[in-house]
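There are 2 protein chains.
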Amino acid sequence: MELLKQRILQEGKALSDVILKVDSFLNHQIDPMLMQAIGEEFKKRFAGQEITKVLTVEASGIAVALMTGLVLKVPVVFAKKKKASTLSGNVYVGTVYSYTRQETFDIVVQDTYLRPEDKVLIIDDFLATGEASQGMVSIVEQAGAHLVGVVIVIEKLFQSGGQQLRDKGIWVESLVQVKKMSEGSIEFV
Amino acid sequence: MELLKQRILQEGKALSDVILKVDSFLNHQIDPMLMQAIGEEFKKRFAGQEITKVLTVEASGIAVALMTGLVLKVPVVFAKKKKASTLSGNVYVGTVYSYTRQETFDIVVQDTYLRPEDKVLIIDDFLATGEASQGMVSIVEQAGAHLVGVVIVIEKLFQSGGQQLRDKGIWVESLVQVKKMSEGSIEFV
Chain C
33 MELLKQRILQ EGKALSDVIL KVDSFLNHQI DPMLMQAIGE EFKKRFAGQE
83 ITKVLTVEAS GIAVALMTGL VLKVPVVFAK KKKASTLSGN VYVGTVYSYT
133 RQETFDIVVQ DTYLRPEDKV LIIDDFLATG EASQGMVSIV EQAGAHLVGV
183 VIVIEKLFQS GGQQLRDKGI WVESLVQVKK MSEGSIEFV
Chain H
33 MELLKQRILQ EGKALSDVIL KVDSFLNHQI DPMLMQAIGE EFKKRFAGQE
83 ITKVLTVEAS GIAVALMTGL VLKVPVVFAK KKKASTLSGN VYVGTVYSYT
133 RQETFDIVVQ DTYLRPEDKV LIIDDFLATG EASQGMVSIV EQAGAHLVGV
183 VIVIEKLFQS GGQQLRDKGI WVESLVQVKK MSEGSIEFV
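Quick note, the sequences are listed as chains C and H, same order. Heads up, the first sequence is in this note's numbering, so the first residue is 33 and it goes up one at a time. Heads up, the second sequence is in this note's numbering, so the first residue is 33 and it goes up one at a time.
Treat the hints with caution; some may be incorrect.
Derived list of chain H stretches under chain C, where covered just means 3 residues or more per stretch with a C-beta under 8 Å from a C-beta of chain C [stated by the list, open to error]:
hint	region
1	64-74
2	83-94
3	138-152
Think about it this way: if two alpha-carbon atoms lie no more than 27 Å apart in a straight line, the pair counts; the simulated BS3-like pairs of lysine-lysine are [unchecked claim]:
hint	chain 1	residue 1	chain 2	residue 2
4	C	K151	C	K105
5	H	K105	C	K75
6	C	K75	C	K105
7	H	K53	C	K105
8	C	K76	H	K105
9	C	K200	C	K211
By construction, these hints were calculated from the structure, which means they are not laboratory data. C-beta atoms are modelled at their ideal positions from N, C-alpha and C, and glycine is treated no differently.
Work out the full structure, taking the sequences as your base and the hints as a guide.
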């Protein structure tokens, strides 16, 4: 997606060979019009597929998932990062290790919001080691729902997450693939 | 907002005299079309006001803030609940006490994304004791920006947060005001 590449080159900051900061339009400040364009692009890539629900994880996945849900006209579910006090009844739980924060946490979805008849599109902002995506794939499996695919805004191709998902036969689409990074430099595929 | 009242009556669950669960369309599963309608309504209420930025706090404020940002065509900033490892430079910090979680946490906005020339609309899903809103008001003040107003999806009028903000001369708009709640019963103004 050319628009997104340009935006990353203009505003993104490679802080190291793994950390890409895109706080000005995706992760802290959000550009709603760009999110809408991303939603439209995701819709195009999965044209003809029946999708009944979009699944993401809080917090930075919510914006892009919501806009994709709006374009597709389906509900969005965001997995919560721990068991919130108002979640009741049965929940699906995925375990995620965050390399950024160096800690393991659970992501949780109440069973009411993912049913066996659902056709689910998983969305996340970044794909690196794939921990969050794998946690969401596990949640879709626990629900007995059908996984349509995984869509990602920025994939770090030099990390193994995307490959692992594709090796499992999962349809993965990423809008931008970063081939290589170092401090101050970003190279796309 | 009649549409929202109906939705709360149909799907909301009053778990006690203070906890209202609206997980099926606002806090866990999100209805993007309802969020869009809410964004349009907020725009109408602040018609004629110049707004350059929407401010909310992660995670459940993001959806409604994003859709309002889309309707107003301005960027959305979400305060983060703790100092993330990729936040650098100067930040504004607000301290918030959560009655739900019974803990105090910081909300943080990097100074780059709120400037003295900004005209800010603060958005949140709930207003009860007003802790999160007060934290965001403090952040707007630290930035030296102009606060246009505070908009809320659901205000619990029997708690003091809204009154405290209005007593400070802040323009507060809430789409639905809950006058009284008890287990299984919700009464609007």
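Which hints from the list above does the structure break, by number from lowest to highest?
Violated: none.
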